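S.K.: Each protein sequence line maps, in turn, to chains A and B. Its first residue numbered 1, the first sequence is counted upward by one per residue in the UniProt record's numbering. Its first residue numbered 1, the second sequence is counted upward by one per residue in the UniProt record's numbering.
If you are wondering where the hints come from, they were derived from the structure by calculation, not from laboratory data. The reader is advised that the hints may include incorrect statements.
What the hints assert, rightly or not - To give an idea of the chain A side of the interface with chain B (calculated C-beta under 10 Å), a few residues:
| # | residue |
| --- | --- |
| 1 | Gly57 |
| 2 | Phe87 |
| 3 | Phe90 |
| 4 | Ala152 |
Note that the coordinates shown come from a computational prediction; the quantities given were computed from them, not determined experimentally. All residues carry an ideal CB built from backbone N, CA and C; glycine is no exception.
Spelled out, the chains give:
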Amino acid sequence: MSFLTVDRLNQVYTDVYTNEHTVAIDDVSFTIPAGEFVSLIGPSGCGKTTVLNIVAGFVEATGGAVQLEGVPVAGPGPDRGVVFQDFALFPWKTVLANVAFGLKMNGVGKAERQATAQEMIDLVGLSGFERKFPHELSGGMRQRAAVARVLATEPSIMLMDEPFASVDAQTRRVLQQEVLRIWDLRRTTVLFVTHDVDEAVFMSDRVIVLSTRPSQVQADIRIPIERPRSWTDMHTNEDFVSIRRELMGMLGVEGAEVAP
Amino acid sequence: MTMTHKIRTRARVESAAWFLSPFVVLLAAWLVAIPALDVSPRTFPSAPAVWSALVDQTAAGELIPHVLSSLGRVFLGAGIAVAVGVPAGLLMGMSAALSTFFSPLLRFSVALAGIAWIPLATLWLGYGNGAVVFVVFNAVFFAIVYNSMLGVRQTGTSLLRAARSLGASRWQMFWEVYLPGALPNIVTGLRVGLGFAWRGLIAAEIIATSTGLGYTLFLARQYYETDVIILMMILIGVLWLVMDRLLLAPFERRTIQRWSGERKARA
Ligand SMILES: Nc1ncnc2c1ncn2[C@@H]1O[C@H](COP(=O)(O)OP(=O)(O)O)[C@@H](O)[C@H]1O
Ligand SMILES: [Mg+2]
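Isolated chain B (complex conformation) (with noise of 0.2 Å):
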């Protein structure tokens, strides 16, 4: 192991410490503040409680198909979002004219997308799994097409000059400018696009579908299971954090950091 090798390693290692300490102490406070103020399991569970319904509902090979429906659901509607949507906002970006127009009302879609569109999901495609992936689409899609196009008006005049004249075709400035200038908002629009996806998953699959982590989080309060309801909202928070840190995290460090030094996507 090089020097520079240990070193990076040890600030991974410190800076995931880092990231983990507000969860341990939040944990230790539910430790303590359970019994010490005799709380009824009726009100909120205790961290045990909450620990044997993980171990419970996993022996009974119930919780990993929930977990699996779930995640099928955001990557199948994000997946779509993506693949039709940053071309779409890459295109209208590309034109002054097109993103004028488009501009107001994708900042009016922004604020509706996903669980807004649930009862017209619903009339559509009916209740089950279309639905709830067209939530999904659907909240990821406007944010992404939005950024996009964003990141296209934020590309720097004297870099679209320089293509242009070095003999980029269109084409050719669309793959080699326009799309990995628009990254960082891309990144950052697939952020804020699955915050949307998450919640608008959530309100979906409580109307729409009888699987998924919504589902049972919404069927455990007719048994006032404060336990499950618990565990499901930290299984969710888990999953989009462990979404965020192993999937958008590294790309964001293979690309947008090793390009410009810089540690944030574009707002």
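With the rest of the complex left out, here is chain A (with noise of 0.2 Å):
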């Protein structure tokens, strides 16, 4: 059964003062069942952030239509979580507080939500820095409260967009490890984005690549690697080197080594 449905999205965006039309999204299409980790590469301003937004319900399409579950997606709602990018965790509320947010929201009582999210933060392997304000965080522990966050209100999906992208090389190894193992625990639905091929392929059950802007599908690669996977000996599996180089092929990037 497909859970998210993205049926023939389009999106122009109109400047306001010039009056100039960008068709971000041609045409683009795909669905996501229950449990899957998607992921949507493709190069830079080819409209994945756009898809995101859509499918979140930060921005209405100019044409084609979200479904989840079989609904239409009108307006953003908890029952998509998104994990952003530049954290957006509240300056003003500890870790204990972002977390228990959404819960908050939504009329759950201290007791209960405190719990919760205390469940989460313990998940995330932030134990310890409950009453920390954000700015008193590294980059990497911004990044697990927002997961905490998202997770805390059991979202039928997630979204995210480049959550690795503010973090130094190393951390991000550790957190799309740590992302993983948190997911393997849950198994959300995920859509994430990235323009970055090896994250996208050690992620994934499936990567779906967007062509140069205005955009459609142009490839959609099952991943067949077991889980649970490690960083460690992903540069030696056959088919994480093979469909690397499939993708690095399409985006453009040829005679690219694997990085070490």
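Each chain sits in its own coordinate frame; assemble them with the hints.
M.R.: And the structure:
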């Protein structure tokens, strides 16, 4: 059963001042079954963020439709949990209050939401940092807190837009493995946007490739690599190496070597 | 006392000393200059003369009532301005159309806030407390509304999106996101507004009442009491600083600085 359906999506941006039209997305369709981890990759500016923002309900598409469990998406809601590239943690709330925020908004009592938030904080490995404010945390810890905040409301699908782009390379690897570990416990459906081929292949069950703007779906590739996955043995994995090479070719990054 | 406690206390004492140092230098210069240059008391009073004016006025029981009536007017006017201005500014900021529409008008009004309204205030409310409180209110109000609105407009898009996608209603957005998000600007607005308020207060007291520091300041001019004039000026400055240090600064420390590690309100 398809869980998320993105049907013939089209997005034209109109500049308010010059009245110029930019066709960001020409015609994009794909479906995601429940429990799958799907990455959306493509060159910078091809409309990945636009697709995610439409699914999240932040942007209203100029054409096409998005359905979640058969229901058309209209506006943002807690059924779609969004992890932002800039973390988007509330600076005036502690880690605990940030993680409990969604539950509070949805009328969950104080004791219950704090217990759930604590559980999520433990899950993402932030125990002991409950009373800290976001500015006291490292980039990687903030991203963990952002993931915990989304998990707390048990969304039907998690939407992540280049969530590791603003942390250093070392931390990025750790976080990628961490998110997979957490994902493995709950198997929430995930739509993951990235421009990093390695990341997409490492994380996903499927990788959807968008062409340059105005974008269409260029390829839809299944990643048969067994889980749990770890970076330590990834570069010797035949599937990883060959899929990676294929994607690099598609994105015009010929002759690229596997990063150590 | 813990180690960090000790360090923090020392830092406080040090910063207070730095804060006071220019005043100490000024006082020393004043003490030396008046006798050295043989300045007449009608031109400028000596420091000891101002000190004895303070002692005399306090002993006569006149000073405290004047201070209290001025302070009362500032608190009442500013209090009403905050209570009305913060929600008004936040609501305006929540709508792009409203904030675009009101923005020029508010910037226009910030320049006029306070003193320029004294003639109308006395026409509407007569001479007395009402007119003075209105002028203070007015001085703070426009600065608060404008800065609250600005604060909402400056709250990051992703924070607003995050809150909405986590299920916040409009009402919850107001309390949980817009208000705390705009707080740095609200504090800036309050600072700017209170500055206008003290100036407005002095001017309004001169014209509209027979109590308060502004009134006393101006009355002293008729008797060439430069010592009283300077005393009132010092008191007004001190009250403003005390208000800032005792009310605004601790509030900032407990909110904005704790949340951000930044040391200053947003301009
Ligand atoms: N709000 C907007 N207004 C106008 N143009 C936009 C807007 N958002 C994105 N675009 C344009 O749409 C195209 C796709 O952008 P985006 O979805 O951010 O791509 P990606 O995330 O793949 O880099 C780009 O050319 C971008 O400049
Ligand atoms: Mg993007």
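S.K.: Could you run down the list of hints and mark each one as holding or not?
M.R.: Results of checking the hints against the structure:
1. Gly57: Where the cut-off is 10 Å and the nearest Cβ of chain B is about 7 Å from glycine 57 of chain A, the hint holds.
2. Phe87: The hint holds - phenylalanine 87 of chain A has a Cβ within 10 Å of chain B, the shortest such distance being about 8 Å.
3. Phe90: holds, 7 Å
4. Ala152: holds, 9 Å
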